[in-house]
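Trainee: Chain by chain, the residues run as shown.
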Amino acid sequence: MSASPPKLPVKRIYRWDLDKTYLQTDFDTFRQLVRTAFQKAHEKKAVPGAAALIRELRAQGDSRLCIVSGSPTQMRTVLAEKLKLDGVEFDELVLKDNLRNLVRGRFKAMRGQVGYKLPVLLESRARAPVDAEEVLFGDDAEADAFIYSLYADMVAHRVSEPVVHRVLEAAEVYSDDIDRVIKQWKEIPQADPVRRIFIMLDRLTPPAAFAHYGPRVVPIFNYFQAALVLLGDKHLTAPQVLKVMIELVQTSGYNLLTLSNSFQDLLRRGLPIAGVAEALVEALQGPAAMFQMVRPMPDIIAAFSKRVAALGLQPPPPRVREIDYLSILDDARPRTHKQRRKT
Amino acid sequence: MTTVSQRPVTIAFDVMGGDHGPLEIVRGAAQLTLDTPHIHALLVGDRAQIDQALAQVRHHAERVAVHHAPDFVSMHEKPNVALEAKPDSSVLVAARLVREGEADAMVSAGNTGAGVLACARTFCLIPGVRRAALATVYPTAVGRGEKNDPFSLILDVGATVDASADDLVAFAVMGSAYARIISKNEHPTVALLSNGTEAQKGPARVVEANQKLQHVPGLRFIGNVEGVDIPKGTADVVVCDGFVGNVCLKMLEGVSETVIELARYAYKEKLLWRAGLAMLSSGIERIKEVTDWEQYGGAPILGFDRLFIKAHGRSKSRAITNAGKVAARAVSKDLANAIQGMLPKS
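Line order of the protein sequences matches chains A and B.
Going letter by letter, the first sequence gives residues -15 to 327 in the numbering used here.
Going letter by letter, the second sequence gives residues 951 to 1296 in the numbering used here.
Certain hints may be false.
[Said to hold, decoys possible] Straight-line alpha carbon distances no greater than 30 Å define the calculated DSS-like cross-link-like pairs of lysine-lysine that follow:
hint, chain 1, residue 1, chain 2, residue 2
1, A, 290, B, 1283
2, A, -5, A, 167
3, A, 290, B, 1182
4, B, 1266, B, 1036
5, A, -5, A, 68
6, B, 1182, B, 1200
[As the list claims (entries may be wrong)] Under 8 Å between C-beta atoms, here's a sample of chain A residues computed to sit facing chain B:
hint, residue
7, 190
8, 192
9, 206
10, 241
11, 242
12, 248
13, 252
14, 256
15, 296
16, 298
Derived from the structure by calculation, the hints contain no laboratory data.
Positions of the beta carbon are idealized from the N, C-alpha and C atoms, including for glycine.
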């Protein structure tokens, strides 16, 4: 675990979901749901590389880690303990108060994700410095890509009030909650803070399924891919990416093939990371002597170069376009367990 | 996530040239990455088409790599002419990648001749093997091996048109090793295809091969069989030269197509016949299940130091997935070494 970073003005905010994004959680069946609820902190497993990535993102000391999870508030202690065990220090940990929803008879709110996460994100944004950049992490199990994109476009005022209204209605959000979201939104100063939205492909959803969200949303198969993109975006340095890579190799069986294939997958999807290979070479050969740490895989750079050469010409980056939320309303609707299993 | 205990095996897929285009091949390879954590797919072909197909299917990107090849050999092209004109055709590039160690074996659903020729130009023959053989499976009346496999193996079915006695001996050894590894049939029976079961029947090379095969250690040679014994499943491995094998295979295919045509005719012609067929339908379905060639994926080209599985041109994704699994199993069990170890020392 890195030493506590010095407290600097907040320049960056990293927002994370927990289940299936940070934690390897199975709750597609009732039995899995019960087992998850009774797991102790040390029994919970993080997605490989997630803890290392967060630690490196936080290392500069100028960022904030905000976690919004659909897990019930009763799990706060065990989740906080798990994060502590992994060396992850957070600034916000918001969990879902489903007991309150139950008592109030708000059954739709118990299932819904949009009506829960969107207000939490907006509320947190209201407290953030206007010029703070954001990078968001979610997964393909629920509606994270939709919610995060809508949040980004609402803060940037790229989406109109009637559209937000229609989306929230489609997502079965109660009308008084809709009014509250709209009011909250209007109080937030306009900015365009969201740089990337990473979607961990827990269900291996084909990446093309997220194409309509534009290049801001990056589906990933592992956190090495996120680290590479964040190196390209200058949120991480090459030695930091290597640290994430080392954790994946040492703890989760990643190897030369899986890492170079992950790298090539991003290139094929048009992500601008061709230059990051050079940065990694420099880090390996530089004074930090990272080469010593990746001694099991001295051929990593050669493998990456080979994967680049195998592709021929680099495709153009995906086109930035406006998201037509009304055409993808289905993505916002709460999914039942049955639907989840089907996908 | 990646947690693999078995040694990773990479299969190069020639994505171009199949009857259904790149999508089916990519789907099959993608499914392979989901089914088997230790198998990696190296997709060789037009990068844009592969990317487009891959983006639409569930797959494990950590186990997929793409290698761009700008050309491909189509089904109607003459293999030698096409390979000369297209040195960067997908089948040749895939073979080169296997030779260079980027992949362990290759699978193609494209032009058979081009595939065999690409192997001949790129791979080395196993020491002791003079000519390669194309093997295929054929459904028979009996099950065999650990899996109660209804398929027997026939080789050669077209790679070596005029095989010598020594070639036939090598084919027998290769077929036996393949059946042992792939069909999990520890002691497969091997027979020579001839025009009579007596050892002295047939052309000189077959008679000579018969004598030699009786002395190959570790080979369960049962003598000669006739054409009628192929569907009966008398032997697990049937050995012949490429000319006879190809004629035989085409005839067997023709017979089964004719039977299906006759059944269709009967179905249309008389209500009574239709009722009869309907009553048999569950049995027919069962036969279809146990004789489903797609579970084997394709035909191996045996004799080279690297394996090539030739999938049927009309292969759909399931056959491609299985071809990849068969190739990976042969690699894991070191088929080339198993063949070499059984060959008679000259």
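Trainee: Sort out whether residue 1182 (chain B) lies within 30 Å of residue 290 (chain A), counting only the CA atoms.
Mentor: violated (51 Å)
Trainee: Would the stated hint for residue 206 (chain A) survive a check requiring a Cβ distance to chain B of less than 8 Å?
Mentor: holds (6 Å)
Trainee: Given the proposed pairing of residue 290 (chain A) with residue 1283 (chain B), does the C-alpha separation stay at or below 30 Å?
Mentor: Within the cut-off at roughly 28 Å; holds.
Trainee: How about residue 192 (chain A): closest beta carbon in chain B under 8 Å, or not?
Mentor: holds (4 Å)
Trainee: Under 8 Å is the threshold here; is the Cβ of residue 252 (chain A) close enough to any Cβ of chain B for the hint to stand?
Mentor: holds (5 Å)
Trainee: Is it true that the CA of residue 1182 (chain B) sits at most 30 Å from the CA of residue 1200 (chain B)?
Mentor: Roughly 17 Å separates the two Cα atoms, so the pair holds.
Trainee: Can the hint on residue 296 (chain A) be confirmed by a CB-to-CB distance to chain B that is less than 8 Å?
Mentor: holds (4 Å)
Trainee: Hint check: is the beta carbon of residue 298 (chain A) less than 8 Å from a beta carbon of chain B?
Mentor: The hint is violated - residue 298 (chain A) has no Cβ within 8 Å of chain B, the shortest such distance being about 10 Å.
Trainee: Hint check: is the beta carbon of residue 190 (chain A) less than 8 Å from a beta carbon of chain B?
Mentor: OK, holds: residue 190 (chain A) within 8 Å of chain B, min 5 Å.
Trainee: Less than 8 Å between beta-carbons is the criterion; does residue 242 (chain A) satisfy it with respect to chain B?
Mentor: holds (4 Å)
Trainee: Does residue 1036 (chain B) lie within 30 Å of residue 1266 (chain B) when you go C-alpha to C-alpha?
Mentor: OK: residue 1266 (chain B) and residue 1036 (chain B) at ~26 Å, within 30 Å.
Trainee: Grab the minimum C-beta distance from residue 256 (chain A) to chain B and call the hint holds if it beats 8 Å, violated otherwise.
Mentor: Since chain B brings no Cβ nearer than about 16 Å to residue 256 (chain A), farther than 8 Å, the hint is violated.
Going down the numbered hints, you'll see the structure goes against 3, 14 and 16, while the others check out.
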